[in-house]
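J.: Line by line, the protein sequences are chains A and B.
Residues in the first sequence are numbered consecutively from 0, following numbering that gives the first Met the number 0.
Residues in the second sequence are numbered consecutively from 0, following numbering that gives the first Met the number 0.
Keep in mind the hints are simulated off the structure, nothing from the lab.
Mixed in with the good hints, there may be bad ones.
Facing chain A, according to a computed beta carbon distance under 10 Å, are these residues of chain B, among others [to be verified]:
1. V61
2. D85
3. D159
4. L161
5. E200
6. E202
7. Y267
As a list, the in silico DSS-like pairs of lysine-lysine whose alpha-carbon atoms are at most 25 Å apart [what the hints assert, rightly or not]:
8. A/K208 to A/K189
9. A/K66 to A/K572
10. A/K365 to B/K270
11. A/K456 to B/K201
12. A/K184 to A/K174
13. B/K201 to A/K306
14. A/K448 to A/K365
15. A/K227 to A/K208
16. B/K71 to A/K448
17. A/K456 to B/K71
18. A/K418 to A/K341
19. A/K365 to B/K71
Pair by pair, the computed Cβ-Cβ distance ranges are [claimed, not checked]:
20. B/L152 to A/A509: 24 to 30 Å
21. A/A469 to B/L37: 47 to 53 Å
22. A/G242 to B/V114: 42 to 48 Å
23. B/E65 to A/S304: 30 to 36 Å
24. A/R530 to B/L273: 35 to 41 Å
Note that the structure is predicted; figures quoted are calculated from it, not measured.
Where a beta carbon is used, it is the ideal one built from N, C-alpha and C, also for glycine.
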Amino acid sequence: MNEQELRQLIAKVKAGTLSRRAFVRMMVGMGLTAPLAAQMLAYSGLAHAQPASAYKPTKRGGGGTLKCLWWQGATLLNPHFAVGTKDQEGSRIFYEPLAGWDADGNLVAMLAAEIPTQQNGGLARDGMSVIWKLKKGVQWHDGKPFTADDVVFNWEYATDPAVAAVSVGSYRDIKVEKLDSHTVKVIFQKPTPYWADAFVGVRGMLIPKHLFENFRGAKSREAPTNLKPVGTGPYKFVDFKPGDMVRGTINTAYHEPNKPHFDAIEMKGGGDAISAARAVLQTGEFDYAWNIQVEDEILLRLEESGKGRSEITPGANIEHIQLNNTDPWTEVDGERSSATTKHPLFSDPAVRRAMAMLVDRAAVQKHIYGRTGIATGNFLNNPPRFTSKNTRWEFNVEKANQLLDAAGWKRGADGIRVKDGRKLKLLYQTSINAPRQKNQAIVKQACQKAGIEVEVKAVTASVYFSSDVANPDTYTKFYCDMQMYTTTMPQADPGVFMNQFCSWEIAAKANKWQGRNITRWKSEEYDKAYRGAESELDPVKRAALFIRMNDLVIENQVVVPVVYRPRVSSVAKRLRAPLSGWDNDFWNLRDWYREG
Amino acid sequence: MAGSTPASPTADAALPGLAARRTSLGLEAWRRFRRHRLALAGALILGLMILAVLLGPLAWRVPINEIDFAAKLQGSSLAHPLGTDDLGQDLLARMLYGGRLSLAVGLAAMIIAVVVGVIIGAIAGISRGSVDAALMWLTDLFLSLPQLPLLLLIIYLFRDALRALAGPEVGMFVLIVAVIGGFRWMPVARLVRAQFLSLREKEFVEAARALGATPLRLVARHILPNSLGPVIVAGTIDVAAAIIAESTLSFLGLGFPPDIPTWGRILYDAKDHLDVAPHWAVVPGGAIFLAVLSINYLGDGLRDALDPRKVM
Numbered sequence: 000m001n002e003q004e005l006r007q008l009i010a011k012v013k014a015g016t017l018s019r020r021a022f023v024r025m026m027v028g029m030g031l032t033a034p035l036a037a038q039m040l041a042y043s044g045l046a047h048a049q050p051a052s053a054y055k056p057t058k059r060g061g062g063g064t065l066k067c068l069w070w071q072g073a074t075l076l077n078p079h080f081a082v083g084t085k086d087q088e089g090s091r092i093f094y095e096p097l098a099g100w101d102a103d104g105n106l107v108a109m110l111a112a113e114i115p116t117q118q119n120g121g122l123a124r125d126g127m128s129v130i131w132k133l134k135k136g137v138q139w140h141d142g143k144p145f146t147a148d149d150v151v152f153n154w155e156y157a158t159d160p161a162v163a164a165v166s167v168g169s170y171r172d173i174k175v176e177k178l179d180s181h182t183v184k185v186i187f188q189k190p191t192p193y194w195a196d197a198f199v200g201v202r203g204m205l206i207p208k209h210l211f212e213n214f215r216g217a218k219s220r221e222a223p224t225n226l227k228p229v230g231t232g233p234y235k236f237v238d239f240k241p242g243d244m245v246r247g248t249i250n251t252a253y254h255e256p257n258k259p260h261f262d263a264i265e266m267k268g269g270g271d272a273i274s275a276a277r278a279v280l281q282t283g284e285f286d287y288a289w290n291i292q293v294e295d296e297i298l299l300r301l302e303e304s305g306k307g308r309s310e311i312t313p314g315a316n317i318e319h320i321q322l323n324n325t326d327p328w329t330e331v332d333g334e335r336s337s338a339t340t341k342h343p344l345f346s347d348p349a350v351r352r353a354m355a356m357l358v359d360r361a362a363v364q365k366h367i368y369g370r371t372g373i374a375t376g377n378f379l380n381n382p383p384r385f386t387s388k389n390t391r392w393e394f395n396v397e398k399a400n401q402l403l404d405a406a407g408w409k410r411g412a413d414g415i416r417v418k419d420g421r422k423l424k425l426l427y428q429t430s431i432n433a434p435r436q437k438n439q440a441i442v443k444q445a446c447q448k449a450g451i452e453v454e455v456k457a458v459t460a461s462v463y464f465s466s467d468v469a470n471p472d473t474y475t476k477f478y479c480d481m482q483m484y485t486t487t488m489p490q491a492d493p494g495v496f497m498n499q500f501c502s503w504e505i506a507a508k509a510n511k512w513q514g515r516n517i518t519r520w521k522s523e524e525y526d527k528a529y530r531g532a533e534s535e536l537d538p539v540k541r542a543a544l545f546i547r548m549n550d551l552v553i554e555n556q557v558v559v560p561v562v563y564r565p566r567v568s569s570v571a572k573r574l575r576a577p578l579s580g581w582d583n584d585f586w587n588l589r590d591w592y593r594e595g
Numbered sequence: 000m001a002g003s004t005p006a007s008p009t010a011d012a013a014l015p016g017l018a019a020r021r022t023s024l025g026l027e028a029w030r031r032f033r034r035h036r037l038a039l040a041g042a043l044i045l046g047l048m049i050l051a052v053l054l055g056p057l058a059w060r061v062p063i064n065e066i067d068f069a070a071k072l073q074g075s076s077l078a079h080p081l082g083t084d085d086l087g088q089d090l091l092a093r094m095l096y097g098g099r100l101s102l103a104v105g106l107a108a109m110i111i112a113v114v115v116g117v118i119i120g121a122i123a124g125i126s127r128g129s130v131d132a133a134l135m136w137l138t139d140l141f142l143s144l145p146q147l148p149l150l151l152l153i154i155y156l157f158r159d160a161l162r163a164l165a166g167p168e169v170g171m172f173v174l175i176v177a178v179i180g181g182f183r184w185m186p187v188a189r190l191v192r193a194q195f196l197s198l199r200e201k202e203f204v205e206a207a208r209a210l211g212a213t214p215l216r217l218v219a220r221h222i223l224p225n226s227l228g229p230v231i232v233a234g235t236i237d238v239a240a241a242i243i244a245e246s247t248l249s250f251l252g253l254g255f256p257p258d259i260p261t262w263g264r265i266l267y268d269a270k271d272h273l274d275v276a277p278h279w280a281v282v283p284g285g286a287i288f289l290a291v292l293s294i295n296y297l298g299d300g301l302r303d304a305l306d307p308r309k310v311m
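Assemble the whole structure, with the sequences as input and the hints as a guide.
T.: If you want it as structure tokens, here you go:
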């Protein structure tokens, strides 16, 4: 799909022959995110749809206690220090951003009075600035008013190097000016297509200036309010035990009428995904459980008890198999998988192509992930006319065999193929997780039939996903031939997401394996497309560039996508919880209620 | 005292006859062992298990990793006597294959732990002063080491080297056995030392020493055989602990590759499906249970049989 076709589609949305939602779905199917798609429409003069809230209760409170289960408990409650989702979620109970993202990728105003658009003058035509109008009459939990000074302070706080805020990436390249007591202007250094990053969503939660002012710089970690938050959110802080329990009580002065519904909230930490699912779906001890990475078969069985349901929220996370481009078995300058080497087996494109054919994605979806993982060979899933020929996927052992035969890989006495004295023997690693081990078994069996010997390895998740430089088993070191995990998209914009195939991002000893290009793939064409997208202001041209990048990755079998994984939560039967794949689970906690 | 006091009236009464038919120590032990019913049953079960895992795969030729989704989570049937797991893989084949590893790991680790423990305990027990103190410090040191981080370190350091040398399965086997054995000898060493401290002051040892026996002979001939009772029991417990430790390592991703079905691994995989496919967990769980119980009874019987002071 090219720029032309995209423009035609947008014209259709304008004319009303194509719904906004259908357009967004289509773009998501092509690997763009819903927020990006919605912003494409916004830039094309189509304002964000303002989704109506489905909140029913007509009075504040009276809903009892909302009991949530996070199998990894929050460890601190300052959104600027929140490394993992668990900390972000814990903070989100008390703090709010200017706006959040809903499930369709639309911005929903929280502390902003309205969403900036070109029509209301909030969005500059040259893409160099955004003006946010703040909601008036909002109070912090201690009664002080919320003003533009707080917003400016958050930017100063996040960008202070001595504070070492995790959120710095969203604030580093902007300037924030106070226009009046309830208006701020965000100024960009260069035309920025994705303007709704700072002060929005996950990284956008705002902390009060009057309580954090004295804890800037090196003292920032000593602030008592890091553990006792005072925010603007629907619940006020009561009690916090790191890793175990966060308690809140109703904020009777909340800035929206009739909200929130619950009198108190508890966020309990600990356990594992399956016991969390049980606690909601089977025993009904809790109302909500987050991030349920459990085989669908087990979920369906638990749901039979009728106490709750699974909520499946589409996002952009993809479970994929990476094929190493470098040699993991030769050490160069103290590192294996050095970018200066070539993989002894995968340097043959036939082996890569065969491998892509040996992953039985349909079986993985059907027998492992079910509703929680949809088989995909590419990012262009729907509708079929957007699926380019070279990114179609199939599972075909026969064809893989022919391909390898043709490339000169002959079967040896033990059934394993050999060429030039090199055996087709691969080490395939992933984290310890029952669905992943089953996935490994399925791939291994198919490879066996094609004369490829696969040795599987599983590393405990806390090691595998750690950034420990001394540990050889981390995914960034990639000291094996293939590995499988889910790449998540913490930001709603694919700009950061897609840099994981850029040549300057290659993970290596020199950058302490912090580079995001784990496959160590190098492609000038890809780099050029990415550079182009970075400075491209026209969202349609930018989208076309991202689609091209996706195709390049698939055509060259840099990775073999397996399933696209929506977020799964367990929700008690009567609880209504609007969730979004582009923001925290608690993004719209104010609208949560229990049906009578 | 042990020699002068009659152990029991019956033993006393049998004394004249005993002198006439002198049985060897081994035969005597066997006679005593046979009278311990549970030990005999344990030996039989363990023997059957070992036989099954050694010869079973020759008779039951279903591959251990044949995926068949049509047959997943099935109970026992003709095609799959022990049922299947969630990938439709045959449990009997996997149990037989895994049993080899689990039993071998358990027995080999036990042997290492017992041998190292006995040697260190014996040296510490027989030598006084600084050697004893140093060895006990070493034992205390090992006891106080945080095992898990150290395990991680050892495995990270040597895994790849051993894998290259002997392949993933054998290399891992050597490493796991060495690691588990190397961390379980301390209780044995303490037991042996305690036995030695008490036994070496006994009259029969003094008598032997007075007759000019060398320390080595004292240990090997007089003290050690008399101190083996608790060691055997500790050893049997070690077998069980090693089988379980191996599954812990698998759980952490440091054991055998995840597709190698040791009993601990099968049990771990089965835990999420307990409610619909209990057979999947019951089979490996039962096997571990039976193996551990049999070994414990066997140890019990052996201790009684090898303890000449015990009257049966």
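J.: Compare the structure with each hint and give your call.
T.: Consistency of the hints with the structure:
no.	hint	result
1	V61	violated (14 Å)
2	D85	holds (7 Å)
3	D159	holds (8 Å)
4	L161	violated (14 Å)
5	E200	violated (50 Å)
6	E202	violated (56 Å)
7	Y267	holds (9 Å)
8	A/K208 to A/K189	violated (28 Å)
9	A/K66 to A/K572	holds (13 Å)
10	A/K365 to B/K270	holds (21 Å)
11	A/K456 to B/K201	violated (55 Å)
12	A/K184 to A/K174	holds (8 Å)
13	B/K201 to A/K306	violated (70 Å)
14	A/K448 to A/K365	holds (21 Å)
15	A/K227 to A/K208	holds (15 Å)
16	B/K71 to A/K448	holds (21 Å)
17	A/K456 to B/K71	holds (23 Å)
18	A/K418 to A/K341	holds (16 Å)
19	A/K365 to B/K71	holds (13 Å)
20	B/L152 to A/A509: 24 to 30 Å	holds (26 Å)
21	A/A469 to B/L37: 47 to 53 Å	holds (50 Å)
22	A/G242 to B/V114: 42 to 48 Å	holds (43 Å)
23	B/E65 to A/S304: 30 to 36 Å	holds (34 Å)
24	A/R530 to B/L273: 35 to 41 Å	violated (54 Å)
Figure legend: structure checked against the earlier numbered hints; hints not met, in rising order: 1, 4, 5, 6, 8, 11, 13 and 24.
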